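*Asks:* Could you put together the complete structure from these sequences and hints?
So the sequence lines, in the order shown, correspond to chains R and A.
Residues in the first sequence are numbered consecutively from 7, following this note's numbering.
Residues in the second sequence are numbered consecutively from 7, following this note's numbering.
Hints are supplied without guarantee of correctness; some may be wrong.
You can't tell identical chains apart in this list, so a pair holds if it fits in one copy or across any two.
[Unchecked claim] With a Cα cut of at most 25 Å, we get these calculated DSS-like pairs of lysine-lysine:
no., residue 1, residue 2
1, 113, 38
2, 113, 56
3, 75, 38
4, 56, 75
5, 113, 75
6, 66, 56
7, 38, 66
Note that these hints are calculated values from the structure, not bench results.
These numbers were taken from a predicted model, which means no experiment stands behind them.
There are 2 protein chains.
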Amino acid sequence: MAQASQKSTPVHTLSEGALAILGVAKQLFADKGFDAVSMNEIARQARVSKANVFHHFGSKEALYLAVLKAACEETVGSLADTQAGDPSAAVDNLWNFFASHLAAMLKSPDSVRLILREIAESEESREQALASQVFADYFTRLVSMVSDGQAQGLLRAEFDPALLAFLMLGANVFFFENRSVTAHLAEGGFARTPARYSSDVFDLLLRGALSDVKGRKNQ
Amino acid sequence: MAQASQKSTPVHTLSEGALAILGVAKQLFADKGFDAVSMNEIARQARVSKANVFHHFGSKEALYLAVLKAACEETVGSLADTQAGDPSAAVDNLWNFFASHLAAMLKSPDSVRLILREIAESEESREQALASQVFADYFTRLVSMVSDGQAQGLLRAEFDPALLAFLMLGANVFFFENRSVTAHLAEGGFARTPARYSSDVFDLLLRGALSDVKGRKNQ
DNA sequence: AATCAGACTGACCGACCGGTCAGTGAATTG
DNA sequence: CAATTCACTGACCGGTCGGTCAGTCTGATT
Chain R
7 MAQASQKSTP VHTLSEGALA ILGVAKQLFA DKGFDAVSMN EIARQARVSK ANVFHHFGSK
67 EALYLAVLKA ACEETVGSLA DTQAGDPSAA VDNLWNFFAS HLAAMLKSPD SVRLILREIA
127 ESEESREQAL ASQVFADYFT RLVSMVSDGQ AQGLLRAEFD PALLAFLMLG ANVFFFENRS
187 VTAHLAEGGF ARTPARYSSD VFDLLLRGAL SDVKGRKNQ
Chain A
7 MAQASQKSTP VHTLSEGALA ILGVAKQLFA DKGFDAVSMN EIARQARVSK ANVFHHFGSK
67 EALYLAVLKA ACEETVGSLA DTQAGDPSAA VDNLWNFFAS HLAAMLKSPD SVRLILREIA
127 ESEESREQAL ASQVFADYFT RLVSMVSDGQ AQGLLRAEFD PALLAFLMLG ANVFFFENRS
187 VTAHLAEGGF ARTPARYSSD VFDLLLRGAL SDVKGRKNQ
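*Replies:* Encoded structure:
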């Protein structure tokens, strides 16, 4: 075991074969989940021997962890440049973040599916904590933007900012997870393109569903 | 193979052992997914021999299908009694459906996780179609309620009714899937109890996040 | 008493699993 | 040139996988 299972080697120092393994493993794990993928299959698709996979990553668990870690870094990385913005334009910032978040998810779907899969897992493992951290990162950013909007008087202050943030995150994730289902749906026109979905959802969240007559009867 | 793999035996005609197997399999499949569960494990927990599991269900696939089918029926069944309601009270109907939907999910989490797992799968199998149908059932109901609300002038008519339905469904599913994550979150107060979450989300969706000043600047 | 159906079991099967290991061959280094 | 390093491999291991089968036991039918 030459350099197996060393912690978090920067990606660009890996050998060609190791990168191929990482790429194949990412796609397979995202597609079918940890248990449905065998090391044999990964090796075959990466065109290396199975022993070579173990040489580079030590164990199946370690390989999975490496894949997940890369996916998390890629995901939070794509978010890093979509930041800043002054509080007085909180609603615009919110919109930018919301739309680019969905776009980023769709641009690297394997990473996202990997992370969502991990979060859905019930056991509280090291891997789950990693994936949850990505979730928390997005969430915290959204919450602070919403808070800004409330502080500036642009948004109503009566609701919990975390609630809107959660709703926005959920709207994107739910869209992402159900793309294939909504595509076959008769009423699925709203989800035909991500851009349209984003702007329509954002508009609905901001303005609300209620008509402007005084009928405020909820609960 | 005595009565294995017959299609959709009504549950109450199954033997005691078969029911035990079904129950154990449901919990295990929901917890860990198809590939992470072995027939040995199911047999052990159900206190029967592995051969007996095959006697009753023929194959692992068939057992999984039986479990999934039962879960789908249970889920749409819990929805069946929450129906009707005249169109003029569309908003109230919407609220009732929304709140009881979340409550129903939390009452039979194994079934829900089974279905969500199946929907998340990429391959378009027979099982996926089954699970998607449950999704479609809920969705269609919601859409028609929203349409009613729009026809009655209670809700704004400018947005796609399917969009609000989708958002509501997503809000509940997202809450369900991320219960364990939000519980550890500092800003997770909004998700402390399902009842509070339901009513707060519903209120926010109806009234919108924007404050009432004329600042309508979105896009 | 004889027959039959069906729930149930232990022993077994070939295939495949994750993982190991001794070794090969091509660069790098002294 | 010798020594070292390291990506890489084929052969192999014990164990578990989904699945089969011959047969046992029990209770109802005739």
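*Asks:* How would you classify residue 66 and residue 56 at a CA-CA limit of 25 Å: within, between, both, or neither?
*Replies:* within (11 Å within a copy, 28 Å between copies)
*Asks:* Between residue 113 and residue 38, at a C-alpha cutoff of 25 Å, which is it: within one copy, between copies, both, or neither?
*Replies:* within (19 Å within a copy, 28 Å between copies)
*Asks:* Is it within, between, both or neither when you check residue 38 against residue 66 at 25 Å Cα-Cα?
*Replies:* Result: close both inside a copy and across copies, 15 Å intra and 17 Å inter.
*Asks:* Go through the copies and call it for residue 56 and residue 75: within, between, both or neither, with a Cα cutoff of 25 Å.
*Replies:* Answer is within: at 22 Å inside a copy they meet the 25 Å cutoff, but 38 Å across does not.
*Asks:* Under a CA distance limit of 25 Å, which applies to residue 113 and residue 75: within one copy, between copies, both, or neither?
*Replies:* Result: close within a single copy only, 18 Å intra versus 34 Å inter.
*Asks:* For residue 113 and residue 56, with the copy left unspecified, which applies at a CA distance of at most 25 Å: within, between, both, or neither?
*Replies:* Neither. Shortest intra-copy (30 Å) and inter-copy (45 Å) distances fail the 25 Å Cα cut-off.
*Asks:* 25 Å Cα cut-off: does residue 75 pair with residue 38 within a copy, between copies, both or neither?
*Replies:* both (18 Å within a copy, 21 Å between copies)
The structure does not agree with numbered hint 2 stated previously, though it agrees with all others.
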